[in-house]
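With chain A held as given, fit chain R onto it using these hints.
2 protein chains.
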Amino acid sequence: MNVIGSFSALANYLFETKQSESQGVLSRIKRSGSYLTLNKLISFSIPFAGRAGFEVLELRRGLLKAKIPFKGNTNHVGTMYAGALFTLAEIPGGVMAIFEFGPRYFPLLKEMNIKYLAPAKTDITVEFSLTETQIEQILNTTNEKGKCDFTLEGKLYDKQGELVAESIGHYQLKKRSDG
Amino acid sequence: MNVIGSFSALANYLFETKQSESQGVLSRIKRSGSYLTLNKLISFSIPFAGRAGFEVLELRRGLLKAKIPFKGNTNHVGTMYAGALFTLAEIPGGVMAIFEFGPRYFPLLKEMNIKYLAPAKTDITVEFSLTETQIEQILNTTNEKGKCDFTLEGKLYDKQGELVAESIGHYQLKKRSDG
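Chains as they are written, first to last, in the numbering used here: chain A, 1 to 179; chain R, 1001 to 1179.
Extracted from the complex, chain A is given alone in its bound form (with noise of 0.2 Å):
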């Protein structure tokens, strides 16, 4: 897969610097308090998740939380569609990936499950986390065999903290031959 190629330039400003650098870009998001330009950038290179108003409210060292407009993600029933359910659920494995290892990997989602447990009504929110040990673990084997399977459980809960959905992620981090 040619990873550079498609590349936009935005991305690559962000994503195919060397690693300090991009850890720079992170904490110049996380100095100012806005994800604005993260999401932006979201948006820019993955014009499906800007569409349905996928937005990243707070990005922290092996911790991402996301959420998604009930408006204009309505299905025929009134309720948030699964796939913008899916897409919230999916979009922080790969924002989690670049930002929690650098540029010199990539990674791949394999499998998607996701469950759907009660209708939803309202903007939905989820939270996804990697602990030190994990992102430590994923890291080292990628090195060592030039990928590693690692899975992102979330659950997506409404404003008034019910449940509507389940999802685990099964990704896959790969070094880049030209990392």
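If you're looking for bench data, these hints aren't it; they were derived computationally from the structure. Some hints could be false.
What the hints assert, rightly or not - With a cut-off of at most 30 Å between alpha-carbon atoms, the simulated DSS-like pairs for lysine-lysine come out as follows: (1) A:K115 to R:K1174; (2) R:K1067 to A:K115; (3) A:K155 to R:K1155; (4) R:K1174 to A:K71; (5) R:K1040 to A:K147; (6) A:K65 to R:K1110; (7) A:K121 to R:K1159; (8) R:K1145 to A:K71; (9) A:K71 to A:K115; (10) R:K1121 to A:K121; (11) A:K65 to R:K1115; (12) A:K71 to R:K1071.
For clarity, every value in this text was computed on a predicted model and none was experimentally measured.
Just chain R now, with coordinates in the frame of chain A:
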């Protein structure tokens, strides 16, 4: 779930009329040899699908073929975003259920599993089928018990005929309380 309240006027026209009339609309769609009306309806009812360019290519008793375009659905590495493939795999279940079983019933998605096998770099198509026996069994059980679980398995192919993803959707058909 208030199914009726949130239906749009257009959806009402197709889905909320008596079964014979609804079948009449489907017959007209079939006779015209064009799925323009159906696709407009889907896009209107589920804007998420419309924005992604989801399109029914063929719909007849027990069979649905659909497509999603590559354009507009790319990710940061220039392949089709996983959520677009999810949408292609998911929307058909609802459409088939509504047209196979009529407006006295409605489908719920309980769970979706999707495996990504190869990067998708062209428009992608999928085909779903239900046998006469399956349709009859689902309908009989729903009439008897008020609901019936059923699964739809999809294989998603690119233009070169390569299998890029496989999906298993777990749906439930329910009888409307006012049906």
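Against the structure, the hints:
no.: 1; hint: A:K115 to R:K1174; verdict: 18 Å, holds
no.: 2; hint: R:K1067 to A:K115; verdict: 24 Å, holds
no.: 3; hint: A:K155 to R:K1155; verdict: 27 Å, holds
no.: 4; hint: R:K1174 to A:K71; verdict: 26 Å, holds
no.: 5; hint: R:K1040 to A:K147; verdict: 43 Å, violated
no.: 6; hint: A:K65 to R:K1110; verdict: 24 Å, holds
no.: 7; hint: A:K121 to R:K1159; verdict: 37 Å, violated
no.: 8; hint: R:K1145 to A:K71; verdict: 35 Å, violated
no.: 9; hint: A:K71 to A:K115; verdict: 22 Å, holds
no.: 10; hint: R:K1121 to A:K121; verdict: 34 Å, violated
no.: 11; hint: A:K65 to R:K1115; verdict: 25 Å, holds
no.: 12; hint: A:K71 to R:K1071; verdict: 24 Å, holds
The structure is inconsistent with the numbered hints 5, 7, 8, 10, although it conforms to all the rest.
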